[in-house]
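Bring the two chains, given one by one in their own frames, into a single complex with the hints.
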Amino acid sequence: GQSLEQPSEVTAVEGAIVQINCTYQTSGFYGLSWYQQHDGGAPTFLSYNALDGLEETGRFSSFLSRSDSYGYLLLQELQMKDSASYFCAVRGKSSGDKLTFGTGTRLAVRP
Amino acid sequence: GAVVSQHPSRVICKSGTSVKIECRSLDFQATTMFWYRQFPKQSLMLMATSNEGSKATYEQGVEKDKFLINHASLTLSTLTVTSAHPEDSSFYICSAKTGSGQFFGPGTRLTVL
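Top to bottom, those sequences are chains Y and W.
According to my numbering, the first sequence is numbered sequentially starting from 304.
According to my numbering, the second sequence is numbered sequentially starting from 19.
Since the hints were made in silico from the structure, they are not lab data.
Please read all numbers here as calculations on a predicted model, not as lab measurements.
It cannot be assumed that every hint is accurate.
To be verified - Covered stretches of chain Y (chain W as the covering partner; in silico rule of three or more C-beta atoms under 8 Å from a C-beta of chain W):
(1) 346-354
(2) 392-406
What the hints assert, rightly or not - Straight line, CA to CA, 30 Å or less: simulated DSBU-like cross-link-like pairs of lysine-lysine:
(3) W:K84 <-> Y:K401
(4) W:K73 <-> Y:K384
(5) W:K32 <-> W:K82
(6) W:K59 <-> W:K84
(7) W:K32 <-> Y:K384
(8) Y:K401 <-> W:K73
(9) Y:K401 <-> W:K38
(10) W:K73 <-> Y:K396
(11) W:K32 <-> W:K73
(12) Y:K384 <-> W:K59
(13) W:K73 <-> W:K84
(14) W:K73 <-> W:K38
(15) Y:K396 <-> W:K82
(16) W:K59 <-> W:K32
(17) W:K38 <-> W:K82
(18) W:K38 <-> W:K59
(19) W:K59 <-> Y:K396
(20) W:K84 <-> W:K32
(21) W:K84 <-> W:K38
Ideal Cβ positions, reconstructed from N, Cα and C, are used throughout, including at glycine.
For reference, chain W alone in the conformation it holds in the complex (with noise of 0.2 Å):
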């Protein structure tokens, strides 16, 4: 089956500092990757949809210059959290889209101090 992962599982960064967060499609390529956002008891929110040698497209309200996405080949895309803070903090997961369906990585813990 397709296997999405990420690293690291969890971080820990002071306020201020920038994060970067890898999406690994194992055994399959993914031209396109999306990441979410999830906040505490809350649903997936879609951030931005990473495409392969293009640039990523971000939904409404997340700041491009923030949050850096960079899909430089077709089983890695890299979110950066630039200069993080404590509303940062939350659970972020990458998905790998393929011909029957998306595939969701296990998740990154940031927690900005």
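Just chain Y, with the same shape it has in the complex (with noise of 0.2 Å):
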């Protein structure tokens, strides 16, 4: 199976750069991708690293390392509307297309 974990809460100010870390175990997965989800809302993807090293996004940006079983979502010049929940998700090589999501980070962003 597969477990990903996120620290529980970020709090960064407006304009600064947050990252968000997203530890993992897992037996095999095709990639790691990144949602962001509004309260009430539904996720939306942000970005999604399929190999190792950076994938930049305009102002967002992920990173992954599968010798370290370790990815991060760097999100730079933070907007107040950026205030929400983030996830790592990976789909499994043994679980077909399901995805299987991180415990989540909430974001909030501070004037």
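Given below as structure tokens:
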């Protein structure tokens, strides 16, 4: 199976940079995804790492190191609207198309 | 882009009643849809995989007789919570699989009194 651990809460100031970590234990997976979810809303896809290294998409970047069983999401130039929950997720090689989500990190952006 | 809808967005029911939640792929066909449950301040937990034209596959610990799933067409999957109880109160989210990944519906907030 898979388990993905994230810090439960992170607080940062508007305009700053914040990193949300994801450490995982898995028997094999295709890649690491990141999703954003505002309260009461649907998860929306942010980023995906199939290979080790950094992927950049605008203000959001994501990193994966399979040798360290670790990844992170980096949010730059934080805005108030970035206050949300963030989840890492994997699609396991032995679990078909099923996604396993991390424990989730609630990000609070302060003025 | 791929759009997934859910209906209703919010439902309140009495204990012991059944509630049906619909998940539709609006601009694409989905042979596979997924149903998740999310309790407050917790992560999404996969309940079952819904396959068009065949029986759903349930995750360990999810009662298939309580959470009935029907995927009768390529654009619609339904989840029926039978004999709902207060502990079933949760946020139910569906997703549909496409060639480029999974797209999530807006969720249904179920409150059982």
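Hint check results:
1. 346-354: holds (count 4)
2. 392-406: holds (count 8)
3. W:K84 <-> Y:K401: Given that 30 Å is the threshold and the Cα spacing comes to 21 Å, the pair holds.
4. W:K73 <-> Y:K384: The hint is violated at about 41 Å.
5. W:K32 <-> W:K82: holds (21 Å)
6. W:K59 <-> W:K84: Holds - the C-alpha atoms of K84 (chain W) and K59 (chain W) are around 24 Å apart, at most 30 Å.
7. W:K32 <-> Y:K384: Since the Cα atoms of K32 (chain W) and K384 (chain Y) sit roughly 36 Å apart, the hinted pair is violated (cutoff 30 Å).
8. Y:K401 <-> W:K73: Holds: K401 (chain Y) and K73 (chain W) sit about 16 Å apart, inside 30 Å.
9. Y:K401 <-> W:K38: holds (23 Å)
10. W:K73 <-> Y:K396: Between K73 (chain W) and K396 (chain Y) the Cα gap is close to 22 Å, so the pair holds against 30 Å.
11. W:K32 <-> W:K73: OK: K32 (chain W) and K73 (chain W) at ~28 Å, within 30 Å.
12. Y:K384 <-> W:K59: OK: K384 (chain Y) and K59 (chain W) at ~18 Å, within 30 Å.
13. W:K73 <-> W:K84: holds (14 Å)
14. W:K73 <-> W:K38: holds (17 Å)
15. Y:K396 <-> W:K82: holds (25 Å)
16. W:K59 <-> W:K32: Roughly 24 Å separates the two Cα atoms, so the pair holds.
17. W:K38 <-> W:K82: holds (14 Å)
18. W:K38 <-> W:K59: Holds: K38 (chain W) and K59 (chain W) sit about 24 Å apart, inside 30 Å.
19. W:K59 <-> Y:K396: Judged against 30 Å, a Cα distance of about 28 Å means the pair holds.
20. W:K84 <-> W:K32: Status holds; Cα separation ~16 Å.
21. W:K84 <-> W:K38: holds (12 Å)
Checked against the numbered hints listed earlier, the structure breaks hints 4 and 7; every other hint is satisfied.
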